[in-house]
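Enquirer: Which chain is which? The protein sequence lines are A and B, in order.
Going by this note's numbering, the first sequence opens with residue 1020, and the numbers climb by one from there.
Going by this note's numbering, the second sequence opens with residue 14, and the numbers climb by one from there.
None of these hints come from the bench; they were simulated from the model.
If you're wondering where the values come from, they're calculated on a predicted model, not measured in any experiment.
It cannot be assumed that every hint is accurate.
Stated by the list, open to error - Facing chain B, from chain A, some residues (calculated, C-beta under 10 angstroms):
hint : residue
1    : Ser1146
2    : Asn1188
3    : Ala1189
4    : Ala1190
5    : Ala1195
6    : Ser1196
7    : Glu1197
8    : Leu1199
9    : Ile1204
10   : Leu1208
11   : Lys1210
C-beta: ideal position from N, C-alpha, C; glycine also.
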Amino acid sequence: MSAFANNRTAVLNVIMIFGFCVFALLIICPLIALILNVLQDIASFKVLFSYHVTKPLVLSIFTALASTAISTIAGISLAYLMEYKKIFFRETFDTLINLPFVLPPSVAGYLLLITFGKYGLVGYPLSFLGIELMFSTVAIVIAQTFVALPFIVKSTRTAMSAIPSNLINAAKTMGASELLIFKQIILPLSKKGILAGIVMAYARAIGEFGATMMVCGLLTTLPIAIYTSALSGEREVANILSLVLISISFLILAVFKKVMKND
Amino acid sequence: MIELISIVKKFGNKTVLKNIGFKVNAGEIMVLLGGSGGGKTTLLNIIAGLIKQDAGDVIIKNKLVNDVPPEKRNVGFVFQDYALFPHKNVFDNIAFGLRLKNLKRDLINRKVNKIMEMLNITELARKYIDELSGGQKQRVALARSIVIEPDILLLDEPLSALDPLLREKLRIEIKRIIKNTGVTAVYVTHNLTEAMTVGDKIAIFDKGEIMQLGTVDDVLYYPKNEFVANFVGANNIIKGKVVEFSEKEAVVEVISALKPVKVFVPKYPILEKKREMYFCIHPENILLGLKEHKNVLFGAVENIIPVLQGLRVVVNAYGIKLCVSVTKNSFNYKIGDKVWLSFDKNSIHPLCGKRSRLEGKKFPLMCIKKDAV
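Bound-form chain A, shown alone (with noise of 0.2 angstroms):
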């Protein structure tokens, strides 16, 4: 019986280094070669400031705020609306929302290209009223927004379903309106979940790369300028790009947790 038992915490002792391998190897080893690279050239830091660095890094920051706040008005809006709202084809809803976490990302930017592009569904008729969409920092924040919405629906309609429905019996009793209880009960108790919502699209915006590639034309974001710059050689700016994305990611994750802690 003991034998087996070891024999059992044996095997699961494998599998745990296994994992621990895996991790050091894919997150560790990387993060390592990345500061290696940058302090092989501690010269190549002066990057930092040139035009290669801050220009993709200034569109990168600004359209993902953008695209973020695009996505919590419209994200807060569409949790509400599956949550307490009566409509036909839920699930079926459900599931178009959530597509863009599952979509390949080309796949996302052909279907923009195609939608937005100057022949597409609703870009031809744009074209008319000489509004082009593609290939401008609009087209970026359009990218953005499609893959970051889903982060906000999804982590709003669960703070949102965990909300009492006695709670909003209770106000509408007491003679609230529906656009109190939202005001008042609904946003507060769900605060957290779209705070969390809100961190975690930003980081899924401000790291888009495969559709934004596709519709984003001669601009650069963060991401693109990475790509681009590690294929023509120049590591210097490679390296200090991604040293920036890098941080904004920790950043990102030391505010996520944070707002998760704080009840």
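We have chain A; now place chain B onto it with these hints.
Expert: Quick look at chain B alone, frame taken from chain A:
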């Protein structure tokens, strides 16, 4: 004042409320009493407008409110789980409804302070809900629903989450507070003692139907059917046939007995029309070991069950099983002992929900029930 007329509610195929109708006069407390799943909470939700009935009318203060949304019904609701807002402190919870009425800040403060004083929760004003005990939450919930001066106060099992001692204390207090405010109330509970303490009238619910509606005295001593009789603890139910009918009383032959047993029953009008029916006797109204009353039976002790108030003794008399309530000290028999039973004719009632014609005579003191177990 509130009136319900033929309320029907179905959830899918299941009818949860079947033709419910009653009226609660201004300032009265109506208790809806029954086991879980009886449709009591659904009915409260319908009165509050949180659920819409499939048929029937809700009339509050002589106004038909079928199509009035809950926020415009002016109904106070104390929920079973209290439903206090966890992100607001006690003061803000209580002031919530008043702030919606756009009252002046001074007035709101005055009203909230007054109600907090009345409920002894002034010192909790700045505390958050998760810092409160169950009893304190209950008081806050009550304060919050009566501070808006509702036309109707609905209470859904407000004491069920509390421990028995606190529950006993609060049920008296809750009645005092409701009566002080003068609000008309509908109170849901599954606890008989609570219903008796709080209610002016009691409606006994079972499976979406009102089994009996009346004063506490009515349902307790004049149950209408077997369900009510069992529910209120009058669980000695015998089937009998009226064999004689005189000026003052009727003589009933017990059908299920092994040998002919006759009992004397007051003259109820229904006995003239219906010859065979069920009768009930409260266990507290049967005397054990004495032949003091007109109805006397002889039997053997079959079981002795300890209960909160003493002992419940099951006696088999010619095949009729009767429960008798006794105090522990007064009882010195054991299982198998032969024993005399006797009971007054006034303590046996046909299950019709009506009083006898010769009513007026008070029950002996011993039959005032303290609790039904």
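Enquirer: Which hint numbers doesn't this structure obey?
Expert: 1
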